[in-house]
Amino acid sequence: FASYFDPMASSDDEDDVEEDNGEDGHQAIRIPLGHPPVIFGLPGSEHLLKQVLGFLGWRSGESAFHVFDNGEISTKVLQSVTNHDVFVIVLRCDSGFEVNFSLMRLLFLVSAMRGESPHRLTIVMPCLEYARQDRRLVAGEAMPPKLLLRCMKTAGADRFLTVDLHNQAESAFTPPGTSLDELSCERYLADFIQTSLPEFDQDSTLICATNGGGMKFTRRMADLLRVGFMMADRFRSSQAGAGAQMKIISDSEVNGVKAVVIIDDMFDTCGSLAEVCRALRSFLPAVRIYAVAPHGYFSGEAHMKV
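Each residue of the sequence shown is one higher than the one before, starting from 1 at the first, in my numbering.
Honestly, the hints are just simulated from the structure, not real lab data.
No experiment lies behind these values; they were computed from the predicted model shown.
Cut-off 16 Å, straight-line C-alpha distance, at most; resulting in silico cross-link-like pairs (EDC-like, lysine to aspartate or glutamate):
#1 Lys247 <-> Asp233
#2 Lys216 <-> Glu186
#3 Lys258 <-> Glu199
#4 Lys247 <-> Glu275
#5 Lys216 <-> Asp265
#6 Lys153 <-> Asp181
#7 Lys146 <-> Asp134
#8 Lys216 <-> Asp233
#9 Lys216 <-> Asp251
All chains should be built: construct the whole structure from the sequences, respecting the hints.
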């Protein structure tokens with residue numbers, strides 16, 4: 001959305017941008033010429049859609065969805081999108097819709113829009129589904145995120161917008177003729193930690209990675225916050241029959257530490273999070289433990305584990 005919103009625009013730019021104040025007091029940005037933008041949201045994305053519309057001052061696109069008795073899906077675009085710059089917001093909503101059902105509904109909607117000749121069609125998917133199945137560990141395995149992007153492109157998408165990919169190498173899955181923009185929420189999360197943690201202090205707070213794979217992301221967060229860094233690592237004991245154990249490795253002095261913030265890219269079933277919390281509680285019994293991630297699914301019994 002940044003290509004349409006210029007916070008530095010002044011009243012001298014009246015020929016290009018028309019400004020108005022909405023009912024909620026936010027400044028609306030109007031683009032009278034060119035390709036007018038319109039934003040659609042799939043069911044389950046209403047909260048984010050409302051926030052985006054309130055910030056930009058645009059109107060929501062109108063569409064309809066129906067499920068027949070045999071389980072088949074019907075979608076319909078209820079307004080013209082010809083020559084419009086179209087954005088489609090899709091979020092996972094496990095409480096209301098199964099993820100594969102939502103993806104199929106998205107493909108149908110995008111295909112219906114492409115038939116109306118929009119100028120450009122952008123899919124806004126804050127968390128790329130199937131992102132953790134991004135490699136072949138053994139022969140015969142599929143790579144679902146690559147296939148998903150190809151399916152959305154075939155349906156008619158021109159551009160993809162996401163936040164903090166599970167693996168930045170996944171940007172190479174972008175089909176020819178399309179583009180994938182990855183936004184980062186590192187600075188937002190850093191500000192959230194600074195303002196929300198009552199115990200936050202640069203000398204008494206540590207940032208913890210759940211494993212070596214997320215170490216780079218967590219290290220950048222520690223640098224932004226100017227705090228110490230630690231990591232949870234699994235190792236196998238030399239004793240016969242012993243399973244893998246969790247060990248805490250820290251590059252900072254732990255005496256006087258009052259809070260530890262566990263940072264990961266995603267909390268799903270929370271098995272790893274619970275394991276790291278137990279290791280931290282054993283290593284530093286008196287500290288307060290927090291956990292922060294860009295994406296939180298909390299599938300299954302995750303809330304009980306936490």
